[in-house]
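Protein chains: 2
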Amino acid sequence: MVAAMVTTGTRERLVTTAQRLFASQGVGPTSPRQVLEASGVGQGSLYHHFPTKHDLAVAAVGATVEQALTAARRDLEGDGSGDPGGGVEALDRVVAYVTRPREALAGCKVGRLTSDQAVMDDDGLRDVVTAYFVRLLAAVTATLREAGLPADAARDRAHAAVAVVQGGYVLARATGDEDAMRAAVRGFVALLAPEARR
Amino acid sequence: MVAAMVTTGTRERLVTTAQRLFASQGVGPTSPRQVLEASGVGQGSLYHHFPTKHDLAVAAVGATVEQALTAARRDLEGDGSGDPGGGVEALDRVVAYVTRPREALAGCKVGRLTSDQAVMDDDGLRDVVTAYFVRLLAAVTATLREAGLPADAARDRAHAAVAVVQGGYVLARATGDEDAMRAAVRGFVALLAPEARR
DNA sequence: GTCTATACAATGATAGAC
DNA sequence: GTCTATCATTGTATAGAC
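Which chain is which? The protein sequence lines are A and B, in order. Numbered per my numbering, the first sequence spans residues 1 to 198. Numbered per my numbering, the second sequence spans residues 1001 to 1198.
These are calculated hints, taken from the structure and not from any lab test. Computed from a predicted model, the values in this text were never measured in an experiment. From the three backbone atoms N, C-alpha and C, an ideal C-beta is built for every residue, glycine too. Do not take every clue at face value.
Selected chain A positions facing chain B (in silico; Cβ < 8 Å) [claimed, not checked]:
1) A63
2) R112
3) F133
Reference listing, derived: stretches of chain B covered by chain A, where coverage requires no fewer than 3 residues with Cβ under 8 Å from a Cβ of chain A [said to hold, decoys possible]:
4) 1024-1033
5) 1060-1069
6) 1112-1118
7) 1131-1140
8) 1182-1195
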């Protein structure tokens, strides 16, 4: 209970450094050597805390996924009152989620991993990515149901909403223009909530 | 004029093999050695035709992009008559484009490259990817204008349409479920063309 | 727990014979 | 144009001292 706060240790530094490198280069192309050099720890330290690259990747990708999911839920959850009008209306929360400013040119920290062969070939890592999208889709679907959509429509539109964001990242990176994501989101929102209060 | 047909040579075999490997593993993770072994040619042959991996990648990615663009245009172009009713209506052609059956679990052969650091760090390769999406977006935008949308709305909805397809690939790969792409597309089409003739 | 040194395979390419 | 042999570098660890 006393030592619990002092955890800005080597292990944590390795994880945050790995998160940063994974986000910018992907998991496959990032070597353990790069991580230890960028974090300033020695060879032995990394392999003490994380015997293999897989172990480091699970820790770093897991942390990234938790952070991303937390951010999405902040957008999507109402005030819990259940009262229409008690918080922001459900459809507006979905609009808030898709329109949230994003670093479009960097790509989605999680979505990009679906093209990372080192991730998809590793059962443990792939499961972390799968769980992220399953939970994200469930949250968006629930919010759309709250907005009054029937189950099938809610499910399909939730998939479309998340896909527009993911595809927006792809378009922004491909064209080198972060407005490409904004255009995609605008096009979708105009259809989903034509009267959206902006 | 005589020799022009006999071109099922070593060079072409290398390109098609590279296309296949790039599509399944990405460009970065595919080694020249894998390409020459899979195509059955010798070390020297590959490096004779393509002095560097970059040269091989430009040829293979360029071919893939041309094929993808040709397929998209087949969906999007009318019969050229300009007559409403002379061919399939413009909005239906956009619906045809987004609903075309795709190997969702494999990911988009071009879109995946935006997460491939080896591609994005190479000016020549990145330009090929950029050109693909610029031309694809232009084609979808033009078709939506033909459908009667004003310029801004056509541009935004075209971005949304292409993003839904790209994001559909991401969702399908992430969840391991090819229906995820179909759900995203269905959700989008229900909004874009509620009365779509299916 | 952390450090330096080392091992061993794969990558991307070159050399030079045929 | 194609082949075999070779090479320098990087990736992923392991060994063993402190």
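- Provide an ascending list of the numbers of those earlier hints which the structure does not satisfy. 1, 5
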